[in-house]
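*Asks:* Sequence:
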Amino acid sequence: MEHNSQPGERAGALEASLQAILSSAVDAIIIIRHDGIIETVNQAAAGLFLYDVDEFIGQNVKFLMPDEHRHKHDGYLHNYNTTGHRKIIGIGREVTGKRKDDTFFPMHLAVGEFTENGKKYYTGIIHDLTARKDAEQTLLQVQKMDAIGQLTGGVAHDFNNLLTVILGNLELIEIQMGEFEHSDLLNEAMEAAELGARLTERLLSFARRSPLEPRVVELNGLISGLSDMLRRTLGATIELKTVLSDAPWTVKVDPTQFESAIVNLAVNARDAMPGGGRLVVETRNMALDEDYVADELQLSPDNYVQVSVTDTGTGMPADVIRRVFEPFYTTKDIGEGTGLGLSMVYGFGKQSGGHVTIYSELGTGTTINLYLPRYQDASEMSDENDAEPELNSANGNTILVVEDDERVRRLTRGRLEALGYQVLEAMHGPAALQILAEHSDVDLVFTDLVMPGGMSGYEVAQHVQESHPDTKVLLTSGYAEELMNSEKLSARNLKLLRKPYRQAALVNAISGALDGT
Numbered sequence: 001m002e003h004n005s006q007p008g009e010r011a012g013a014l015e016a017s018l019q020a021i022l023s024s025a026v027d028a029i030i031i032i033r034h035d036g037i038i039e040t041v042n043q044a045a046a047g048l049f050l051y052d053v054d055e056f057i058g059q060n061v062k063f064l065m066p067d068e069h070r071h072k073h074d075g076y077l078h079n080y081n082t083t084g085h086r087k088i089i090g091i092g093r094e095v096t097g098k099r100k101d102d103t104f105f106p107m108h109l110a111v112g113e114f115t116e117n118g119k120k121y122y123t124g125i126i127h128d129l130t131a132r133k134d135a136e137q138t139l140l141q142v143q144k145m146d147a148i149g150q151l152t153g154g155v156a157h158d159f160n161n162l163l164t165v166i167l168g169n170l171e172l173i174e175i176q177m178g179e180f181e182h183s184d185l186l187n188e189a190m191e192a193a194e195l196g197a198r199l200t201e202r203l204l205s206f207a208r209r210s211p212l213e214p215r216v217v218e219l220n221g222l223i224s225g226l227s228d229m230l231r232r233t234l235g236a237t238i239e240l241k242t243v244l245s246d247a248p249w250t251v252k253v254d255p256t257q258f259e260s261a262i263v264n265l266a267v268n269a270r271d272a273m274p275g276g277g278r279l280v281v282e283t284r285n286m287a288l289d290e291d292y293v294a295d296e297l298q299l300s301p302d303n304y305v306q307v308s309v310t311d312t313g314t315g316m317p318a319d320v321i322r323r324v325f326e327p328f329y330t331t332k333d334i335g336e337g338t339g340l341g342l343s344m345v346y347g348f349g350k351q352s353g354g355h356v357t358i359y360s361e362l363g364t365g366t367t368i369n370l371y372l373p374r375y376q377d378a379s380e381m382s383d384e385n386d387a388e389p390e391l392n393s394a395n396g397n398t399i400l401v402v403e404d405d406e407r408v409r410r411l412t413r414g415r416l417e418a419l420g421y422q423v424l425e426a427m428h429g430p431a432a433l434q435i436l437a438e439h440s441d442v443d444l445v446f447t448d449l450v451m452p453g454g455m456s457g458y459e460v461a462q463h464v465q466e467s468h469p470d471t472k473v474l475l476t477s478g479y480a481e482e483l484m485n486s487e488k489l490s491a492r493n494l495k496l497l498r499k500p501y502r503q504a505a506l507v508n509a510i511s512g513a514l515d516g517t
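Okay, so the sequence shown: first residue is 1 according to UniProt numbering, each after it adds one.
These are computed hints drawn from the structure, not numbers from a lab. Computed from a predicted structure; not experimentally measured. A couple of the hints might just be wrong.
What the hints assert, rightly or not - The list that follows gives simulated cross-link-like pairs (lysine-lysine, BS3-like), each with its CA atoms no further than 30 Å apart: (1) 98 x 133; (2) 252 x 98; (3) 119 x 98; (4) 62 x 98; (5) 119 x 133.
Full structure from sequences and hints, please.
*Replies:* The following block contains the structure:
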């Protein structure tokens, strides 16, 4: 026959179980009296607030609150004890906690109450929200950067069409007039148009929609080749040091864009060291596992080549770090910077399948890490001595220009006719197909990618290849989104001429398309 345990034994067992819960809980637990004085805390609370357990006991709980909230706490307790009106008890809310080192952190506080021997006590269960808030902030930043990218991509498309018209007509004037009294003014106008084209290129790089020409490369060689230019860029007061991996992995990136990214980072570093300093460019192989990338939501576990650019400059405050990759954001004086350098680096990293991180401390310096995924098929190592395509004369070839922008279409016709080509025009895809049905002598279809009329330039090209296999196709676009799908173009052996383009680039592209090279 079993005997029931005595009340004292049950109470002891209950106390032991509660103590076990208190000790093993991962969230902080703090028990206070009705007047706010702390009676008990668990080890998780000590770890969260950075105090020893003994330092809590006998203190008013408000010492764990920011200064602006401390003076209100006694009033809250008194109000509840006298009226029963709840503001947090039994409800829970997000509040801010203060650690021993005077740092603050977001937390969720749930408060319960109990009575023992006629005395009222309150139990606070505290969950640290730092990781969740950081994740939310990262997600918001990603969404904001993507939204800005959508905007800049569309703006760049329209701007490229305008630049195509401006640059093309200036070149036609130059061709028709030759050398004349004000040739220098014409040249300056063309240089300004080319600067505009480079600006849109940087916008598209940020938006991750600039067409890359990736090659399998070894980054140490590219960085070594840049050293002399970097030293000239940095000036005599800044020391450049390269620390390159002994056996670097290969990556598949656009070498020109990579070099541009490194130069942009060097320029930013130079501006952060007006009194001189040191710039270190370092490469190393990194195999990132789940644990390593746990706090970096935009990196996946994989093998990467990390390129780090570190300066001994002024460093950046947290509010600048949060915005530093946004296009047009700059801390420089008006006229001293476009705010596009770091945004271009960010866009290049993301479009190359990698990521960019930044670490900076005021008065110490800044490190920017560019992670590029390892490429393991070294058989594709690039040949930097690729031959330039040979130029052909027009030979009376007929070209069908498909372009919805009337100004661009008129300019393109003038350019091609000046080269000796016969030109037909269509403002959209269906009109182009009708012309092809009526003219069997079309040698090349030169079509924009993005057009109204329900048919894209890619669909026009697909129709031409299937129904008119002897007719060549050349695509063009200043709109970034379409340019990203390089696999689709490669699958059909299609070439693309990027707007805005100079006359020489047009000649090369047309000749190459007609020759099938």
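*Asks:* Indicate, hint by hint, whether the structure satisfies it.
*Replies:* Hints, verified against the model:
1. 98 x 133: holds (16 Å)
2. 252 x 98: violated (47 Å)
3. 119 x 98: holds (28 Å)
4. 62 x 98: With Cα atoms ~10 Å apart, residue 62 and residue 98 stay inside 30 Å; holds.
5. 119 x 133: With Cα atoms ~37 Å apart, residue 119 and residue 133 exceed 30 Å; violated.
In this structure, the hints that do not hold are numbers 2 and 5, in rising order.
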